[in-house]
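Novice: Chains as they are written, first to last, in my numbering: chain H, 1 to 309; chain U, 1 to 351; chain L, 1 to 509; chain B, 1 to 331.
These are calculated hints, taken from the structure and not from any lab test. Some clues are possibly wrong.
The list that follows gives simulated cross-link-like pairs (lysine-lysine, PhoX-like), each with its CA atoms no further than 25 Å apart [claimed, not checked]:
(1) H:Lys2 / H:Lys56
(2) H:Lys28 / B:Lys297
(3) L:Lys396 / L:Lys363
(4) U:Lys238 / B:Lys297
(5) L:Lys368 / U:Lys238
(6) H:Lys26 / B:Lys113
(7) U:Lys238 / L:Lys363
(8) H:Lys128 / H:Lys97
(9) H:Lys36 / B:Lys113
(10) U:Lys227 / L:Lys8
(11) H:Lys76 / U:Lys227
(12) L:Lys131 / U:Lys227
(13) H:Lys128 / B:Lys297
(14) U:Lys166 / H:Lys307
Here are some, though not all, of the chain B residues that point toward chain L, as calculated from beta-carbon distances under 10 Å [said to hold, decoys possible]:
(15) Asp140
(16) Arg174
(17) Glu228
Computed footprint of chain U on chain L; a stretch qualifies when at least three of its residues, placed anywhere within it, have a C-beta under 8 Å from a C-beta of chain U [to be verified]:
(18) 350-361
(19) 368-380
C-beta: ideal position from N, C-alpha, C; glycine also.
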Amino acid sequence: EKVNVAAISGYFAQGFGVSIVEGLNKAKADFGIDLKLVDTGNRALDYEEQFSNLAKTGEYDLIFVMGWELVDALQKVSAAYPNQRFVFIDGVLDSDKIIYASFAEEQGSFIAGALAALVENLGPEFDKIGDGKAIGFVGGRDIPVIRNFLGGYEQGAKYAVPDVKVNSVFAGTFDDPAKGSELAMALYGQGTDIVYNVAGPTGEGVMQASAAADKYSLGVDVDMCASAPGNVLASMLKRGDIAVYSIIKDEVEGKPVKAGVRTFDLASGGVEVKLCEDVAAKLPAEIPAKIEEIRKEVVDGKIAITKAK
Amino acid sequence: MKTALLPDGLTRTLAGQVLAFAVALSLGAVIILLIDENPVTVFMTLMRGAFGDAEKIAGTLLQTTPILICGIAACIGLRGGMFNVGIEGQLFLGGFAAAWVGFAFALPPVLHVVVAIACAILAGAAWVAIPAFFRVRYGTNEVVSTILANYIAILLTSYFTIFLFKRPGGWSETPPILATAYLPELFSFSRLNVGLLIGLFLAIATAVFFRWASTGYGVTMVGSAPKFAEYGGINVRKVGFGVLLASGAVGGLAGGVETLGVHHRFMEGFAPGFGFDGLIAALLANGSPIGTIFTALFFGALRAGSLLLEVDTTASREIITVIQALIILAVSADLMMRRRGDRTGERRWKF
Amino acid sequence: MTFAVELKGITKRFGAFTANSGIDLAVRQGEIHAIIGENGAGKTTLMNVLFGLLQPDEGTISINGKTMAIDSPAVAINEGLGMVHQHFKLVPSLTVADNIFLGMEIRRSGLIDRAAQVERTRALSQKFGLKVDAQERVAGLSVGIEQRIEILKVLARNARTIILDEPTAVLTPQESRDLFETLRSFVDDGMTVIFISHHLEEVMAVSDTITVLRDGRVVATRPKQELTKRELVRLMVGRDVSFDRRPREATQGDAVLEVNDLWARDDRRLAALKSASFSVRAGEIVGIAGVAGNGQTELAEVLSGLREASHGSAKLYGQEITGHTPAEIRARGLAHVPGDRLARGVDRNASLSTNILMGRQRKAPFAKNGIINWSVVQDEMRALIKRFDIRARGPKDVAKSLSGGNIQKVVLAREFTAGGDMLLIDQPSRGVDIGAQEAIHDEIMQQRAEGRAILLISTQLDELKALADRIIVMFEGRIMGTVEGNTMDEDTIGLMMAGVDPSDVKEHE
Amino acid sequence: MEVLSTIFNVALIVATIRTTAPILLVALGGSFTTKAGIFNIGLEGQMLIAAFFAVLGSIWTGSSLGGLVIGVAAALVFALVFAVLVISFRANEVVVGLALNILAGGMTISLMKAIFGTRGSIVGRGIVGLPKVQIPGARDILGPYAQLISGYTPLIYVAFIAVPLLILIYGRTRLGLYIRVVGEKPEAAEALGISIAKVRYTAALLCGLLAGLAGAHMSLGYITMFTENMSSGRGFMAVAILIFSGGDPWRVLAGCLLFGFADALSLRLQTFGFPSYLVLAVPYTVALTALFALSWKARPKLIRETIETMQRALSVHPAKSETPDTRSNRS
Ligand SMILES: Nc1ncnc2c1ncn2[C@@H]1O[C@H](COP(=O)(O)OP(=O)(O)OP(=O)(O)O)[C@@H](O)[C@H]1O
Ligand SMILES: Nc1ncnc2c1ncn2[C@@H]1O[C@H](COP(=O)(O)OP(=O)(O)OP(=O)(O)O)[C@@H](O)[C@H]1O
Ligand SMILES: [Mg+2]
Ligand SMILES: [Mg+2]
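Same shape as in the complex, but just chain H (with noise of 0.2 Å):
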C-alpha cells in the first residue's frame, strides 16, 4: 500500500522549509508517495482547524510539521487523535506521542561563526576584507530560533578568533528583501565585511548587497552560493531534505517511525558548512584545515555549544 504523507507549515516559501519541500518532493518521485501540502498562512485562529481537518481523515501515515508556532495546535491536535502520527521538525516538545526531528542549528552556526572569524582575520591581505575584525548578522524576526543560530555563530567566532566583532541586526519581518539589502549595507558601511543571513527571504537581500558592496556574505538553510557568486563564503545547510527523506524512506522501507527523537546535527550530517567553491579556491588553506579541525571537536563533543532558548 502506498505510503501517504502530509506535511504543515506557514514556511514552505523559506529556506528550511524549501529544503523541506525538496526532499518531500524527492521521496515522493523516489518512492511513490502520495505527498499533501498545507500551508497553515499567518493566522493564529487557523492552524487547529487545519490540524484536525488533516487527523480526522485518517489518511496519513505521517503528518510532518514545521514551525514553533504550530506547537499549540499540535499538541491538542495529536491528543485528540493519539493514532495519528506527526514528525515535528526542528525541536522537542513535551509530548511523548510525537516523532521530533531535532536539528543542531547550532553546530552548523558555530562552524560557519568560526569560519566568518578567521576569513575575518586574514584582514585587509585578503580580498575584500578591511581591518575592522568584525563579522555580521542579520536575523529574521528576533524570535528564540534565529537567536539560537546568533548564539551558535557568536560563539563559534569567539572561540575561533577571541577578540572578532559580531554585529547583529534583525530585520523584524522575513518577507522585505529589501530591508535585509539595507540592514546589510548598514553592517558593511561599519567596517563588517562579513555577514551572517538567517532571514528567510529577507536574506536573499543580504546575499545581494554583499554583491553591490562587493563584500562577503553566508548563507542558510540551503547553498546560496549561486546567489552573488563571488562574494558567498559558504552556506550553513540545514538538511531539512535529508531528515524528512530519511524519515519517509524508514516507513517505506517497512520500519515503520516510532515517536522519538532524531537528532540531524554536525555528526549526522544534518547540518554541514559547505564552502563556496569560487571563494574556497582563493582561501589560504590553513581556514579549511583549521575549519574541519573545530568541526572534529564539536562532533566530539569536545566543544560545549550552549543553545539559545
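Chain H is fixed; fit chains U, L and B with the ligands onto it per the hints.
Specialist: Chains U, L and B with the ligands alone, transformed into the frame defined by chain H:
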C-alpha cells in the same frame, strides 16, 4: 450613510448584491478553471468547510468572532465620523493586556476574566487616546495617525512578548494564562467561546444605541453633519473623542476575546489582518452593526471554508483570498443601485 | 425671426418627480429675459438643461435657430452660451486669471502661459468695466468680486447669451445696481441675457420679457409692460400675497437679551464683531441690517455659543451666556435659526424626524431616560408639517429631497417649537420664494404676538421693514446706528449699510 | 564622537536616498489621485502586483526594460479596475483599495504557484535587474562623495526627478490644473465642460504608472527578486504621507525623506544593542511625532492673533468709502 431603506429600495439592493455575487463567483470560477480545478468541487468544498457539520459551523463562527468585534469597532468610528484604521493595533495591545492579566495574576474565576477583559478594553482605548486627542484638539488626521500607530503597536507587543514576558523555551509567546481567565467555551467540540455572544451582543447593543439612545443620536449627527450637531448643542469634540475611544476599546476587546477565548496566551503576530477584515466588513455593511454581523459571518465562512479547501483539493487558500477580494469588489460596486452614468441622486463626485 | 435660445417641450424628470414639464421658452436676441417662480418651480433645472449640465428627457433646444443636442457644457459654451451659476463655481486656490481661463487656457509650447492670461484678463476687465485683480487668489474675495469673475469668465468665452441664476441674492443693493447696469450695456452691444430672480422689483426694473414658472410648467411669458408686480405674484403663487408692513400693537416687555460691548473674531481670527451693544425685549422684533459679511453671522454665532466672544458680555434673562456651550444657552431659552441652513440647520441626508429632534433628543416627551421615542417624534413632525405647511410627503422624507424654502420651514418649525422665548433668526427667507416668505413672516409675527423676544438678522431690507420694530445697522462689525420701525427710511439705512455715518448724512441734507 | 561618525556619514545619506526612493515613487503616484480628490489606499497592492509582473516580465523578455514595462502594465490594470469601480460605479474607495490590496497579495502567490510551482520567493531564474547608472566623471570630481549622485538604479533618479516634474505638471500644464480643480472644486470643472471622470481616470492611471514604477523598482532595482508581500507596508506609508502632505510634491518629498532617513538611521542604531523591535518602530514613531508636532504647531496662535486683533480694533473706525468691504461669509 444610507438612511432606512425603503422596501423597494431593499429589493433592489438585494438584487444588486446577488448580481454582484454572481459576477464575482463566475470570475472566481474562471480563475479556478485556470489552475486546473473544478469550480463546482471548489465551491462545494468551501460550503462543506464552512457549514458541513456542527463542528464546521462552529469553526465558521469562531472565525467570525474577531472580524465581527473588529467590525463593530469600525462601525462605531464610522457612525461618529471617525475613520479608525488602527483597530489592528488596538487588537494587538488588547490581546497582550488580557494575556498579561491572565498569566501574571491569580484571581478567582469570573473576576479574572472580567479584569482581563477590562484591561484589554482599557489598552485598546489607551492606544487610540493620543491620536484621538490630537484629532479633536488639533485636527490631526486620524487615518494617518492610526495607520502609523498600528506598526508601533505590533512591534511593541512583539517586544513585550519576546524581551519582557517570554515563556521559557520554544516559541515567542507569553506564558499560558491561568485557567481562571479562560472565556468559557460554548460547545465541547469547538474552541468557539462566549466571545461570539459578546460580539453579537455588542452588535445589537450598538445598533440599539444608535437607533434609540439620545447619546447615540448625538453621535450619529456628529458623524453625518458635524456643523449641525455643533449648532444643536452637541459637544462635537467630546463626542469625537469618545467615539474614537469607544472604537479603540472595542478593538482592544477583540484582542482580549481572542487571547482569553482561543489562544490562552499571547503570541507574537497572533492575529494579523483582523482589524482590516473588520473594517472592510463594516464598510460593506455601510456602517450598520447588524449588517456587519452578516458581512463578518460571510468573511468567517470564507476563511473557515478555505481551511478545508486546502486539505481536500489542490487549490490553495490564496485562491480564496482572490475570490474574496473579487466578491468585495463586485459588491462594493453596487451594480443595481447606481448605474453607470446615472446622474441623479448624489452628485457623482461625492464618493 | 430667429431666437437666441428656443426651448420646445422640455421635460426633465428626477426619478418619479418631474422638475420641468413640457416647457416652451423663446428668448429673443438682445433682450433681458427674466425667469421667475417659486422655490422648486424648476428654474435652475431648466437652465441646467439649456447649458448641457442636465439632459432633458424630452424636448428640443435651438440656439440661434440651430436645433442641437447639448450634451455637455462644452457644447453650450461653443454655441455662445455662458452661465453664471446660483452657487459660484470658482476654484479658491487659483488666481482670478486662472479661473477665468480655466478650460480654455492660453498655452505656449504646451505650458500654460500665465502672463498672457493675466494680460487678457486685464484687457477684458477694462473693456467691460469689471474691476478685478487678475493675479489675486480667489479665496477670500468678496461675493461681489466673485460674481464679476464669473461674468468675466463668461465674457472671455465670447458668450453672446448670458444666463444668470439668482445673481443678486448675495449682493448689496449698490452691487445689484452695478450689475444691472453692466447687463444693460451687454444688451446694448447686442448680447442676450437670461436671468433668474426672486426679487420682483428687480425683475420689473430691468427685464424686457418675463417668464413665470410654476410646478415645472410655464404659466406665462409676457413683455414686462403688460405685467404688474401684483399680477406676477399671482401668476407665481396662484394667489395674492401682501408685502406690506405687518400690523402690530406696541408691546413693552422686559429686556430678554442684553448685549454689552461684545467682540468676536471670524474664522481667520480677525476681529469681525466690534463692540456691539443693544438689547431685545419680550414681544419685540429687533432687526439687524447689513450687507452679508459685516459681522452678523459672528454675532449670531456668539449669541448661540458657536463662537467664542473675545470680549464683552451678553446676558439672557440676566444670566451671562458668553463662555457657555450651545447646549447650555439653548437650555436657558435661546432658539436659533441659522443663516447657513444647509450646513448648520439640517442634516441633509437624514429624515425630517431626525432633523426635528436635534436639541431635544434628551427631553420629554421625545425621550425618556435617554431613550428616544421615535413615534412621538414622528407625530410631532407630522403636526409640524401641517402647521407650517411644509411641502413634504411625511416625516420620513429625507431633508435634501425638499426644496430650499421647505427646508427653511423645517428649521423654523423646529426652533419655534423648541420652547425658547428668545428667537435668534438669521436670514429666514434667503432664497425663499414669495409665497413661502409670506408664510414665514406670518409665523414670525405670530411668535412676536406670543410675547417672544426676536432678533432678526436679514440682508433684505424689505423683510426688515415688514417685520422689525427697530433696525440696527451693522457695518464692518460695528453698529452704525438704530432706526425705529415706523420711521424707517430706506436710503438712510442703505447709506449706513455702506458705512456712512447717519450724522454725516444729515449734514449732507 | 567616533560613534556619531560611524552613523552620520555619507553612507547614511546614500542609504536614505535608497530607502526613500520607492516610497517617494509610489507616494508621488498617489499625489495624482489625492490631488484629484480620490483617496487611494490601494497603493500597496499596485506596487506589489507591479513588483511581481516586473520579475515575470524580466524573465520572459530576458530584459530589465521588458520587465519594467510589464510590471507597470500590471499596475495600470489594477489602477484601471480601481478607477472603473470608484469613478464610474462610485464604489467606496477604501473598500475597493483594501480589496485590491488583498487581491494583489492572493494573486501574486497564486500565480507564483501556478507558474513557478513554489510560493515564497523568486530568485535567480534569469531575472535581469536594472543596471546601475554611473554618472561619468562623478568619481573624478566628487571623490568619495560621488556615491551621493552616482551608482543608483535608474528609477531612483526617476523618483527624485519626478518631484520637480510633478510641480511643473500641477503648476503649468493643463492636465495638472484640471487634476487640481477636479479635486478642489469639481463643480467648477463640470460647469466648464471639463470631464471630471476623464480627469480622474487620467489621475488614477498616472498613479498606477508611478506605483508600477515603484513596484518594479522594488523587484528589479532595489534588489533583484520577488517575494510574497515584498512591498512590506511601503504603500501604506505613502498613504499616510499623502494625507498629511495633501499630495503636494514638495511636502511628499519632505515626508518621504523624513521617513526614509528615520528608517536608514534606525537600521544603524540596531548595531548598538538596542532591542530590535523598538528600533524598528523608530521610523513610525518619528513619522507619528512629526505629524503631531506639525498639527500642534498649526494650532491657533492665540497670542499673535490677540495682538493683531487689538491693532486692527484700534486702527479701524467706520470707513467712509463708497464701496463697502463685502467680505464673503461663506466658510
Ligand atoms: N438632482 C436632482 N435630483 C432630484 N430632484 C431634483 C434635483 N435637482 C432638482 N430637483 C428638484 O427639482 C425641483 C426643481 O428644482 P430647481 O432647483 O430647478 O428649482 P428652482 O426653481 O431653481 O428653485 P429655487 O428658487 O429654490 O432655486 C425641486 O423640487 C428640486 O427638489
Ligand atoms: N474637456 C476636458 N475634460 C477632461 N480632460 C481634459 C479636457 N480637455 C483636456 N483634458 C485633458 O487635459 C490634458 C491635456 O489636454 P490637451 O487637449 O491640451 O492635450 P494636448 O493639446 O495634446 O496637450 P499638449 O499639447 O499640451 O501636450 C489631456 O490629458 C486631456 O485628457
Ligand atoms: Mg434655483
Ligand atoms: Mg434659489
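Novice: Against each hint, give a clear statement of whether it holds in the structure.
Specialist: Evaluated hints:
Under the criterion of a C-alpha separation no larger than 25 Å, the hint pairing H:Lys2 with H:Lys56 is consistent with the structure, at around 19 Å. Pair hint H:Lys28 plus B:Lys297 does not hold up; C-alpha atoms about 66 Å apart against a cutoff of 25 Å. Among the hinted pairs, L:Lys396 with L:Lys363 is consistent with the structure: their alpha-carbon atoms are about 21 Å apart, no more than 25 Å. Under the criterion of a C-alpha separation no larger than 25 Å, the hint pairing U:Lys238 with B:Lys297 is consistent with the structure, at around 22 Å.
Straight-line distance between C-alpha atoms of L:Lys368 and U:Lys238 comes to about 23 Å, which keeps the hinted pair within the 25 Å bound. Restraint check: the Cα-Cα separation between H:Lys26 and B:Lys113 comes to about 18 Å, which is no more than 25 Å; the hinted pair holds. Taking the CA atoms of U:Lys238 and L:Lys363, the gap is near 20 Å; set against the 25 Å cutoff, the hint holds. Between H:Lys128 and H:Lys97 the alpha-carbon distance is near 51 Å, which puts this suggested pair outside the 25 Å criterion.
Restraint check: the Cα-Cα separation between H:Lys36 and B:Lys113 comes to about 15 Å, which is no more than 25 Å; the hinted pair holds. A C-alpha spacing of about 43 Å is found between U:Lys227 and L:Lys8, which places the hinted pair above 25 Å, so the restraint is violated. Between H:Lys76 and U:Lys227 the CA atoms are separated by roughly 56 Å; this puts the pair beyond 25 Å, and the hint is violated. Simply put, L:Lys131 and U:Lys227 have alpha-carbon atoms about 35 Å apart, too far for the 25 Å limit, and the pair is violated.
This hinted pair does not check out: H:Lys128 and B:Lys297 have alpha carbons roughly 50 Å apart, beyond 25 Å. Distance check on the hinted pair: U:Lys166 and H:Lys307 sit about 16 Å apart at the alpha-carbon level, within 25 Å; holds. Interface hint status for B:Asp140: violated, as the beta-carbon distance to the closest one in chain L is roughly 36 Å, over 10 Å. At about 5 Å, the closest approach between the beta carbon of B:Arg174 and any beta carbon in chain L falls short of 10 Å, and the interface hint on this residue holds.
Restraint check, B:Glu228 versus chain L: the minimum CB separation of about 42 Å is more than 10 Å; hint violated. Under a criterion of three residues with beta carbons nearer than 8 Å to beta carbons of chain U, the stated coverage of the stretch 350-361 of chain L is upheld, 7 such residues being counted. Under the rule that three or more residues need a Cβ within less than 8 Å of chain U, the assignment of the stretch 368-380 of chain L holds, with 4 such residues.
Hints 2, 8, 10, 11, 12, 13, 15, 17 from the earlier list are contradicted by this structure; the remaining hints agree with it.
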